[in-house]
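**Q** With the sequences and hints as input, model every part of the structure.
Here are the chains, one letter per residue:
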Amino acid sequence: MSTLICPECGVENGSGSVVCAACGAALIDLSMPLGDESAGGAQRAEDLPDWLDELRQAGEKSDAPEAEEAILPDWLAEAGGEEMVAAEAPDWLEPEKVDRDQPSKAEPPTAAADEFPDWGQLAEDDEIADLLSALEDDREIGGEEWEPGELPGAGRKADAGEVAEPDRAPMSWLEALEAVEDDTTPPDDLPDWLATDVAESPTEVVATGESESEEIASEGEPAEAPVGDRTDEALEEPLPDWLAEAEPAGETETARDDLKPETEGSLAAEEESKEWFDAIEVGMAASVAFAGDQREAEPPPEHEEELPDWISEVRQQDDWSEGEVEEDSFGEWVAGHTAELKERAVRQEPKPQQGDTKPLKPSKELKGVPEKIAGEELPDWLADQIREDVPMEERESLPASELPEWLAGMALAQAAAADEEVIESEGLPPESSEEWQELLDDLSAAQQEEAVQETEVEEILESDLPLGPTAVPEWLDALRPYRPDQPLTTDLDAPLESRGPLTGLRGVIQIEPIVAEPRRSGKLPEPAPVPDLAKELAVLRQLTRPEELVSTREERIGPSPIEDLPRVLLSLALLAAVLVGWLLPSLWDALPPLTAPTLSSSAGPAFTALEQAGAGNVLVAFDYTPAVAGELDAVAETLLRQLASNGASVITLSQMATGLPLSERVVGQEQGLQVQSLGYLPGEALGLRGLATCLEGNDGCETAYGRPVDGDLAGALGEVGLVLVLTDERDSLLNWIEQVQTTTDLPLVAGTTQTLGPVVAPYFASGQLAGAVIGVPDAAAYERILAAQEGAASGAGAASDLWANLGLAQWLVIVSLVAGGLYFGAAGYSPGAREKKGAR
Amino acid sequence: MSLPESLADLGGLLVGFALTILVYSYIFRDNPLYRLAVHLLVGVGAGYAAVVVVRQAILPVLTSVVQEPFALSSLAWLLPLVLAIILVLRMLPGMNWLGNSAMAVLIATGASVGLVGVITGTLIPQITAGYENALLGILTAILAAFALITFYFTGRVAVDGHVAMPAWYEYARPVGQFVITVALAGLFAGLLNTSLVLLSSRVAYFIDEFSRLLETFGS
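Taken in sequence, the protein lines are chains E and W.
Oh and the first sequence: position 401 is 401 in this note's numbering, straight run, nothing missing.
Oh and the second sequence: position 133 is 1133 in this note's numbering, straight run, nothing missing.
These are calculated hints, taken from the structure and not from any lab test.
Hints should not be assumed to be uniformly reliable.
[Stated by the list, open to error] From the derived model, a few chain W residues whose C-beta atoms are all more than 10 Å from chain E: (1) L1036; (2) L1139; (3) V1179.
[What the hints assert, rightly or not] Covered stretches of chain W, as calculated for chain E (at least 3 residues, CB under 8 Å): (4) 1055 to 1066; (5) 1111 to 1118.
Glycine included, C-beta positions come from ideal geometry on N, C-alpha and C.
**A** Here it is as structure tokens:
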């Protein structure tokens, strides 16, 4: 009896053990001594059963392929592909099967071939011969030698073409057979990733089976019952011996009884082959029913009995994914696997030991499949071949038991190293079985509790019922801002908000007042001035200096109150001089005026112009304001006095609103003066231009500067022979000269203030002004001329009085001017004034 | 003169005298009393001007238009009336652009009329005016030229950055400054005489008025 030595703890275990009974580590069967490949191969050849040995021999016989035509089982044909089923069916399997029933191997090959269905005959003898020869040749493809049981495609998957691909299935199968006999290969069950692959493969089987069924029907096969019916019938048919041997004991006892061996005559063999074919066909239908959507329609228990163990387990895993299997299927898988290994050990030994073996479940076997094949694991090379089709992530998650031998060794070594680390850090694991049992009990209890919770959650989720009320944890209940069943409590003592959108609410959290408080920012350290840049730095500081607040209060400009004293004294002195001139006329004699009033160069022509106007119409413009009425009123009275004495008719107007009352007052003082008033004349230059247009018309104008003019006034305007302008403004005088005199060529006489004298002189010199009476001096002289003309003793009048009373004031002004000139002149040449002037 | 009239005159005289004193308070610098008097003068003057304009400029026109709306003279006022209304719209923030058009017409017309008047009334007559003394005319022209040179500020920038004026500028500028100083002195003398006359006339006014009132109340 072979033993398995645990790589972890070194304890010997039985040959059927999968895990170490002491430490639970995966075991490696060390009963098979490691030797060279040939020796191992020879030993494996010796260990092979007869039927497998013959099978190998038949595979080597390429000259008589016609004698071994058979049909590959459907589940095996699926692995080889559709073409394999049709053309490359393992015909050599048939004699091998027959040989197990008939050791004489006397079955005529033609008989077996004749009984094949038409679709089975599609594989001609020549084609089979070619296929076998190709299989032989494939041994040497790529310089690779391979044993009959090995798959050449494993080493040349890349260049495996249409021919090599179908070979993979039968060779895998053979490899599986060898792997069964080879004890050095650890008994691995079908891994999950392969289960997925196989679970998908039945779809192809469905298609293949359906197509084959159609072909069979079309080739004139006897009418076939539905799959389910045929399954029942097939179960009643006797099976071949080799297939009968594959049948497990137990539930398939009835079928096994029917499969009695027939060892006489070709007829029996022929009949047996037919029956076997029927059985295979039934198995194929069972696989179809197992894999496709018809699985639910078919009775699965009956067909599951025909499936090999690994397919059954695949289905179990598939069902597991649907939640129909137990949660602890892994334990079952381990238990089942251990049982299989033990059974295998029993078959290898003449006397099986009780307790080490466990009969296989009938549901995990497949009818029509050799017992040594059904339920066995895939060989390593086939596992590796399939694993290459598995995604990397799935491959990485493979359990150690599904890894190949060499990789499992590495994994075990790594696991051993990890365990040592754990032991060093956490201590040794429990040694006694009782402690292990306690741990397992705790684990199972925890798993059961978790499973119960998951089941409850799933039931709640699937129930579509609203979540019912449940107890809220205290910590969560403490987070409630308020309770709905309790009224909101407000602090009546809190201040009531009186402004803003929250008016009327109490307890409003006020804005942090410190936010609005100004804060003094930190002062940056002043940079060290660079000598060359000191000036630029000063300018920069000046520019960056915040603007100083500009006071709107008017700053004192000029001298201080003490410095204002001379001005005040001078003003008071001037006022006093004027008063003395008016209140003490006797002083007039003592202080006569500087000069006697004489006519200026322009006043004489003015007198002449007025005399020439005679009794005609004279247009008099009062373009001055009350501010200068003290001087111009005297001039106006003098000129109007002359006009009145001539009997002229006066038309008054004014471009200033305040000039109208002045004109009325002055005109009203003259007796016998005919006066007409045009009133206010707006528009300045434009108004004067319009007035000039009206003055040009011989027949007068109906409107003057937009205002309707009555008939008398219109006629008077047309007969104006002189224009007298009384003004103190330069613009007014120029407008009269430029717009009226230039346009109408009427004589223009100006009566102005002394301030406007320099302006009048050029126009009088150019002849544009017929004359000008400039200020009080000219008016006083004019009065004297008028008085002389009228025969009066003196030219008493307003202008003469003003001029007479200005004597003392004029002397005071002269003295003040001289004194001031001397003072400021001397101060200007003083050292302080020079320094001040130099500073500016 | 009756007593009520005398009292009315006395009231007016006192108000006038007080305002005169307020204005003359400017001797002691700018003060609120002076400003009060000035503001009263300006306000009353503007109000009086407004009344005069309405009575003597606007109402006569509107009266004539209303009396004869379809007369040719009245229709002639249509365009000025529209322009006047548009000018009033300048006071509205959203319609001031309409008033700008009326203002443009007003300014353009006034400027054109003023320009023509300056050319025909001042420039040409002053140039073509024949002086009795030719030498005086030439001298006047030369002095006027020197006065204009005084306001010549354009020079060439030298290499060192200084502005270099022409060489003749250094000699012409003092002559021009002298001419301007003499002219301003003449204007100042005339202003001083006018001021003295106004002060004297105002003092004489109050002396006469108070003397008359005293005679009235005394009699």
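**Q** Evaluate each hint against the coordinates.
**A** Quick rundown of the hints versus the structure:
1. L1036: holds (17 Å)
2. L1139: holds (13 Å)
3. V1179: At about 12 Å from chain E, V1179(W) clears the 10 Å cut-off, so the statement holds.
4. 1055 to 1066: It holds, with 5 qualifying residues against the three required.
5. 1111 to 1118: holds (count 4)
In this structure, every one of the numbered hints holds.
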